Each structure stands twice: as structure tokens, then as C-alpha cells.
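Asks: Protein chains in written order, with numbering that gives the first Met the number 0: chain A, 0 to 87; chain B, 0 to 591.
A portion of the hints provided could be inaccurate.
[Said to hold, decoys possible] Not the full set, but computed from the structure, chain B residues with beta-carbon under 10 Å of chain A: (1) 71; (2) 74; (3) 86; (4) 216; (5) 251; (6) 281; (7) 289; (8) 549; (9) 570.
Just so you know, the hints here were simulated from the structure itself, not pulled from any lab data.
Computed from a predicted model, the values in this text were never measured in an experiment.
Beta carbons are placed, not taken as given, at the ideal position from N, Cα and C, and that holds for glycine.
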Amino acid sequence: MDANTTSPDGRGYWRATIRLTLWLLAIWFAASFGAGILLRDFLDQFSIGGAPLGFWFAQNGAIYIFVALIFYYCWAMRRLERRFGIEE
Amino acid sequence: MDWTLFWVAATFSLYIGIAFWARAGSTNDFYVAGHGVHPVVNGMATAADWMSAASFLSMAGLIATLGYGGSVYLMGWTGGYVLLALLLAPFLREFGKFTVPDFVGDRYYSRTARLVAVVCALFVSFTYIAGQMSGVGIAFSRFLGVDFNTGIFIGMGIVFIYAVLGGMKGVTYTQVAQYVVLIFAYTVPAIFISLMLTSNPVPQLGLLSNLRGDEISMISRLNETLTGLGFSEYTATNKSTFDVFCITAALMFGTAGLPHVIIRFFTVPRAADARVSAGWALVFIACLYTVAPAVAAFSRLNVIATVNETTYVAPGETYAMQAAEVTASGAVPSPAWFARWEATKLVAFDDINGDGIMQIRGPDAPDGLVNEVTINNDIAVLANPEIARLPDWVIGLVVAGGLAAALSTAAGLLMVISSAISHDLCRRTFFTGMSDGTELKVARLAAAAAVVAAGFMGIYSAQLAFVAQVVAFAFGLAAASLFPVILLGIFWRRMNREGAIASMLTGLISTFAYIWHFKLGGGKAATADQWLLGVSPEGIGFVFMLLALVVGVIVCLLTPPPPQDIQDLVEDIRVPGRRGRHGRADADMAPH
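Same shape as in the complex, but just chain B (with noise of 0.2 Å):
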């Protein structure tokens, strides 16, 4: 696999080499690029700091599997933009700090509800990133041939260097030049799959038109196949309207209140181009997601076609030689790309009734006859450029392309960690009378420490449940504790420093249990009856946010309203160009 080495070794070059360009030289510099960053690029960037490991390799798979239940995650992670743009963003920029428990600092005059802003931030901040480092690890193992923990140190290594030293702004060019590397290594190999099986070089509608040489649509002929082999529909889902509701509205709420998306927001130079930059944020992350589920499609039907009722010829030098034995006595050969992900594990194939032939099989299969193939969700973006015959160069693309997706997304998040600890938890809690030069080192070396941290969370990630279940914990905690109080300091004027610290607390509370208790502890086994309202953990985030903002607005209602300046504060923000300096909320330090 040279062109892999070749493409990883050439694009981290890339890396490292923007890591010395864009070093920071204040703390303005480190935590928010100086706000100088235009909005487009920043809209590239935040592309790019959004979409995941899981995003890049995982979810067209997944779409794949679950069919219609998959648009969850495709409405769920772009409509949170919407509420980005339209009721945090430009808001949150005319505050003029550096991070989102600053915001809640400063908004709510009180050390308690930064702190347990600073809690919900880091707790969010290190689920997401051990996922995004056990994803690098992942990568190096299987497809460089390099041992799992190996693969992590040199992950590590790449994000120090531009994360300590660039900061944000390191970061932030980075992150385009990894943006670029992605949106390539995604599409270029779903055209050619969209014009091998509709002839139509445009994924987005290859997923409407027909099967080249079919008289129905590609769609129409995937439903009549899984049927065909025992599957349900794939227009079809097992969850309940209810359920798809509340994931769908936890993951929209929870991408909007994240802190590595938020803070992205804060680089902008005014807060009108905080709006326009969110609108590019969501067209480049579009580029990806709307080609997704055509991706998923053809490649529900691909494996099934290629694969099924296949004799299976075992990997290694003589597959070639056996193949075509197989072809002389008239059947069909397993295909070439299986035995050679076979390697990876990606893809397993136990022959349970002993014919040598290869089953594809669902759980009701109208013959009777029992699966015998495992494929990974992976494979739907990874095998792609091999099933289209696309050349060997394409193939390593793919692979930096999800390691792009992953330390982006990485580094997005390092930054959130790094300014929680320097900038919230020393110079604005601890020790106030700090200087610029000497948080910028402290800030340094709070990235130095949660690089490392975060590398060693990707190695013991096996051992870590939670980390598996970032979806549900990252998502729920960052709508049901963050998003209403951010909300609710913009909207309402007479939100209080109690109403803040009880919605905070109620809404991170309740869900960390009912998740902790559904996916690690006791209800594991739970069936959909036994959850609370028949909402999944996935979903839960949205009832209890709902319960968050209703306690919120209640203990505010019981206790005395915020300070005069407070309330002049929050007009201020709501009109552009009008933040004046204002004394509680401002007398550390001044808005930028």
C-alpha cells in the first residue's frame, strides 16, 4: 500500500509545514485567530472541525445499514447550523470573549456557572476526542501496517506541533487544508461509483434515477432486494416516529451548543460575518452530506451484488490463480476487494452451512438460510475506489482523508480543552492578575498536557465504555446543559445567574444518568418500553434540555433579576456595533 504511505506522509508534510506559517503570538492570536479569519475560510474550516473520523468513514455505512433510520444523522448534524446562524452565533461574536464558559461567566456574573460551564465543556470536549485519537490509531494499524498505540503518538505528534504553536490560528489553516483533502478523497470516488451503476456523474442524483439498464429507480430496486433476501425495507425503520423526532431535534440542539463548533465563531472579525460564515460552514459540510446517502445506497447494493451467492476464494497470492479456476467451472469468484479487506478484518465470511458459497442474509430470509457475511460500516467509504476500479492512488487518498477528518476534528477540540483550563479555570478563576504573555505560555502548555491526555484516553479507549457512546454523551450533554442557557442568556433579558447554574446542572445531571444507566449500567439490556417516553439515550438530550429550560426559567422567576448592567449587556449584543464596555461583565477583561 505505497500510495497510502505516500499520500499520509505528504499531506501530514502539509501539516506541519502551515504549523510554522501560522504560529500565534498573543493570547488574541492562540484562543480566536486574532479574529482576523475571513468568513469563508472560516466556513472551510469549520467544515472541517465538524466532520469527524465517524462522519468521513462511518456514516455513510451506517446509512447503509439503518436506511431511512440514518437520516437522523444527516438532519440532525446539519440543521444545527441553522440555529447556529440564526440564535447563537452572531450574538455570542458581538459578546466579544474568548470561550463559551466565558460567556456563561460573564453573561451570568458568577465563578459557579463558569465552572459548571467549564465541567459540561471538558466533559463534552474529552468523549469527542478520544474517539477522533483511537480512530487515528485505528487507521495506522490497519492500513499502514504500524502498531495501534505507534499510530497515536504519531497523531499526537502532528497535532502538538500545530495546535501549541499556531493555536487557533494554527488550527484554523490546517483545518482547510484538511478540508480539502477530505471533500477530494469523498467525492471523487462517489462520482465515478454514480456514473459505474445510474450514469449520472452527480451522486446527489444518481440516488433519484434508474440502475443503468433498469426500468426502475435505483431505490425501488434496493427495497425489492432486501426484501428478497429477509431485510426490512430500506425506505423503512424499526424506531418510532417519537424516537426519530427526539434524536433527530438532540443532535440538532447538541451540534449547535458544542464548544469546538461555537468557539469557531469567535474568529470572525464582526458578527454579521459570524451569520455568512455559518451559511459556508454548512454548504462545505453539504458538499459531504448530501452525497452520504447516495454513497450508502450504492453501496447496500454493490456488496449485496458483488458479494452474494459468490464462491469464496481465500485471500493471499494465489486468490488470482483460484479465481479464475473458479470462473472456468462456470461460477462466479468472490471479489478481489473482499479478500483484500478480508486482511483488515473489515470483513469476515463464515461459511455456517459448509457450501463454499457466500450467503448475504437477513433476519426473516424467505429461504430459510442464515447469513454468512459481516461487513464493517467502513467499508461502504473505504472499498468505494475499488469497486468503481479506480487507480491505486485514489485508494490511499481515502485513508488521509479519514485521518484529515479525524486530527481536524482533533485539534477543533484541543482548543476548547486547552482555553477551558488557561483562560476560564487559571486567568479568570484562580489567578486573576495574570499577564497576556504568561497565559500564553500556561495556555501552551495546557495543549501540551491535553494532547497527551487525550492520546492516552484513544489508547485505553477499549477500556473507557463511554467513549463508544460519544453520540449519545457529546450530543445529549451539549443540548441539555449548554444550549438553553446560551439561548436563554440572548433571548431573555431577566435570566438570572440561579436560573443559569439550576438549567446547567438539571439538564447535565439528568442526562449523564439516564444515558449512563441505558448504555453502561444496569438498563443496558432495556427494551424501548422501559425508556421514558420510549426515547432512546441518543435522544433523551432533547426532553431533558426541554426540562432544562423549564427549570431554568422557573428558579430565575423566584429569585431577583440580574443587575442593571447586565441587562443593558444583553441589549447590547443584540444590536451590531453597539457592545459598549460594561463594568461587572467586563472589569477582568475587556470585549474584542
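Next comes chain A alone, as it looks inside the complex (with noise of 0.2 Å):
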């Protein structure tokens, strides 16, 4: 990624947000890809309720892990704005 933006609080800004993104994309795809589909065997040995834990990664909990990323996402890029004095 490259560093940028005419203003310095605007380099940092962005330098920031790419490190949320990065984090946050790293955590999507343990998720999904990671539990639901690669991990899956190995969480299947243990449940949750009556579901072996992989297939209900796979079928279920990604979605909710997912939603809240999303949320995460835009309550730390607000606190990101706010720090860097970034206003719309």
C-alpha cells in the first residue's frame, strides 16, 4: 500500500485505516474459510448445543461474526476520523 495524501493527518488516517482493514479482513477470513471450511474436521469434535462446532461455523456463526465486523468497522473508523480531525 502506498503512502499518500497531500496532508499530513490525512497519511496517517489512511496508514490507520489499511491497519483496521488488514486486521479486521484477517478475522473474516478465520471466520469462514478458517472455521467453517479448512478447521472444520478439527472443530467438529466439539459442539455447540446439539451442532458439531465446524458446521455450525459453516451455517450459522460466520454470519454473526461477520455483522459484527461490519459494526466494529464503522465505530472505529469514526474514532479514527475523530482522532485525525477528519470531518465530512
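Could you fit the two chains together into a complex? Lean on the hints.
Replies: So, in C-alpha cells, the structure goes:
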């Protein structure tokens, strides 16, 4: 990713945004491709209620995490925008 | 089926009423609802826009049949919203144009790039809309006794009124109404089924519970039942892990690259609203998508429990009498819902061994018997209210819900098609001097023509083989052709025109050729080991998306960087509120 943006606070804001985005994408990947697909056989030894855990992640759990991720992102971005004095 | 007629008439009148209330007065209204839609309202409209007839009627049945294998749809069609919220929607909103080809054309300062994007957007949208129109035709012909073509004409008429009059503004507010109709029709029967089977009113928890009065969990009981009849376990799949990975990824990236989803985020006032709006959209979508796996498992269990090993009773007026006779003789008659849906040909019984008893069996049945019962995927949702013994008015509502899902998606696609023609082809490419008033007239005309074209594609959908492959084509092409150039356009300042055109063409041509070959052409009968890397046509979009990214980057590095003006523009859209006017990209049209 290239460092950019003309004013200094814009540059810091963008760098912080990229860092946040990469963290959240790592969780996004872990919840769906990780827990629901690649690690499913391992997780299926455990169960949540009456369903195998890996199966549950693939059919329900990943979706809850997706929702939480987006709302966390909105909250964290608002905080970043305040920190760097960015207003629309 | 008077209740069906009542609900269809009532909801259709509501949609028309909204159309007259939300008429568009300018191109800004027509394309992006004046950028004035509240983020939560837009989230709800996006959910209806997104959930098609297939999500509403067929997905639960598909999961019921595929078990764990159906998870690709659940994760794939929701995970794309994370990509949209984090990588695309806020930046595209900040860019401030009307359409997806608009972004591609202006960011890559190229008419050719815009035209290639128009081709991608049109192909994806037409494939998708033909399926919605034929869904409307099927709903009318099966449930209201109307001819298939007449059903499509009625659907065309309704969409025509609110899309042509109201544009994006009319579409947005009808989609909100359609969301309410479809989510009510989906969840109410699911709650009652869950209560009936597991004593838990929340279907998502019912999925994890024990069956009522049973010591083991519902999922374990389902696995046991299925293997006992010669099916594979519900929690297993016959697809390779790599293929499941690729299909899920293709659906996710495809979702994020679909033009009719992206343009919904142009309707909110600011970039921050686009982020929040994507979150709300996923909440409203999750209301249906987290219920679907429960509906699927319940229906698989219910169908086997109520149909298998029962004595067949033919449908018709004598059903009640004959069923009573069977009961008196000590046997169990086939259920009333089976007889009822037999008339619509969604379920069928073929008494192969001639014993008059319905046997449901998998391919490896231990008792050596052959399966005699076929059940259409849509039954999982359609027959739910009857299996749960809900009143007739709920049954009618399910059909209205399916129509709401089909019409709301069709309308969203129509906006992509008409704006690609009136805005990208006419105003921005061939007749650049056009006034706003003229463009609005052209946009209405294009929407009208697109409705008619979509209707005819629906009527001839049986002959147009690619329509049935909408999942592979629409998502694969959106992932491989549109997603990479939008992503690079935002996150890599150096990305230039040459790289973008090469990337889009690589993704478009390779994905199209692969799917065509293995779905419709010479490779139709191919097995998994003949596929490239063992990836099915549904998942190939992901592989070619990676290829398109690599090709785009290489070609870009071999050619000159984009003008400074464009690089400044890319920096502007990354920081909310910084978007200034840039000569080259905004020469013909200012950002909104």
C-alpha cells in the first residue's frame, strides 16, 4: 500500500485505516474460510448445543461474526476520524 | 387459493401506491435517489435488492439436500458484505458518480475501460434478471392458475410502473415494502416449525436443540435418519475442501462486485453512511440467512418423517375419505400437504415396486429399495406453513413473499441496465452534449426497453440455457472482471488504464469460456478431475479473479503511470470530505 495524501493527518489516517482493515479481514477469513472450511474437521470434535462446531460456523456462526465486524469497523472508523480531525 | 390472490393483489397495490408517491424529478433522483436515503432504509432496500427468488424459495431446499455442502451459499452470500463495507462502498460513494462503469471510466480516464465495464455489467445483470422474471412466471402459473407468459406480463407491468416512473427513488421505497413482506412470510412459519419440532421458538436455537421429547440433538437424529436410508450424513459433503473454498470465495467476491448491489450504496448522503448502511443490509439479510439452515434441517427431517413408509393417497376431492379408510385399516396415509402440492408438480410419487407405499431412499439404501419420491427444492419453504398447520392466510403470504423477492431484485437489476445505457453509453460516450432533462427521458426509455427485454428473456428462459447457470455466470463474472479493477482503483494509486483494461478482459473472457465449456458446451459431462485444479465452474471465478489481479498489475507496471491528476483523485477519495474537483476525471461531469 502506498503512503499518500497531501496533508499529514490524511496520511496517518489512511495508514491507520489500512491497518484496521487488514486486521478485520484476517478475522473475516478466520471465521469463514478458517473455522467453516479449513479447520472444520478439527472443530467438529466440539459441539455447540447439539451441532458440531465447524458445521455451525459454516451455517450460522460466520454470519454473526460478519455482522459484528462491520459494526465494529464503523465504530472504529468514527474514532479514527475524530483522532485525525477528519470531518465531512 | 383465495388468500394467495388476496395477498398478491394487496402487496402489488401497495407497490404501485409507493411508485406514485416517489416519482423521480431529475437524473440525480432517477439514478441515486438524490443521495438522500437514510442508511437504515438503504440497508433494508439493499437486503430486498439482494435476496432474490432463489434466496427466498430455493436456498433452504438446496441446503436441505446438500447439508454441509449448502454452507457455501450461506457464507458466500453474506461474507461479501464485509468486503463491500471495508473495501468498496465508502470509497465509491466518496468518488461521487452514478454507476459502476462511471467509476471505471473516470478513474481509468478511458472510454474503452468504461465500455468494457458496461459489457460486464449488462451481461451479469441480464443473466440475473431473466431468472427473476421466469420465477415470477412460475409463481403465477403454479399458484394463481394464470398462464406462465401472462404471469410474466403482470410482473413486467408492476416493475414498469415503479422503475420507469420513480427510478432509483421509486425502487428504493418499494424494496423497503418488499423486504417487510418477504421477511414476515419467511420467519413466521419458521418460528412455528421450530416450536413444533424442538419447543424452541427461535429457529437459530432450534437448530442446536434436541427434538421435542428426544434424548439426542436434532442434527444427530437427522444424520442417523439419513444414513439409515442410504443418504450421506447431513454434516458431510462430497465436494473437495479446495472446491468448497473456491466456491465460497467466488460467491463472496462476486457479491461485492455485483453492480446492482454496489449502486445501492450511491444513494446514501456520505461515505460514513455507506459503511453503516452495509452493516444494516447484512443485519436484514442475516434475519433470513441464519433462519434458512434451520428451515432446511427441519424440512429434511419433516419430509422423511411424514412421507416415508406411508400409504399413498391420491389428491382430489376423495382424499379425505380415502385417508380415513387407510387410517381405519391401521396404516398411515400420505399427508394432505403432499397431495396438495402434487397438483403443482413440485412433488411426485412413482410406485416402482408396486406396493402402494412411499419409499424415500438414498443411493446406498441398506434394504436395497429404490427411491420413489421426488421433492422439489422449493417445497422446503412453500410447504412449511401447512406442515406446521398454520392458517390458510399464512400459506398465501409465502407466495406473495416469493414474488416480492423476485420483483425487488428485478427492479434493482433494471436500474443497472438502464443507467448503463442512458448514462454510460449515451451521455458519457456517444452524445456527450446531452442535457439533464434529455438524459432523464432517455433513462426512462431505457428502463422501459429493459423491462420488455427482461420479460422476453424470462419467457424464453427455457431456451436460453445460460439463464439456469446464473450462480456461476453472474457471481463468477462479477468477481473476476469487476472486483479487481475497483479494488486496485482505490487501493493502488499507480494502477493505470492499460492494466485495468487487460485485467477486466482477462477475467471476463477466461471465466466466461470456462463456465460455458463446462456448463453448456463440450465439457458438460466432465468429472471433477477434468476441471482446472479440480475447481467447479461455480468456483472458477475466484481462480480467474486472482489471475486478473496479477495480469492487471503486470501490464500496469509495463506501461506509464496514470496522470498526476488521477493519482490526486485517488488520494482524495480515501479521506472523507476531501473530494475536490479533478480536471480529467470530472471534465464532463462533476462529482455529487
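Asks: Run the structure past the numbered hints and jot down the numbers of the failing ones, going up.
Replies: 8
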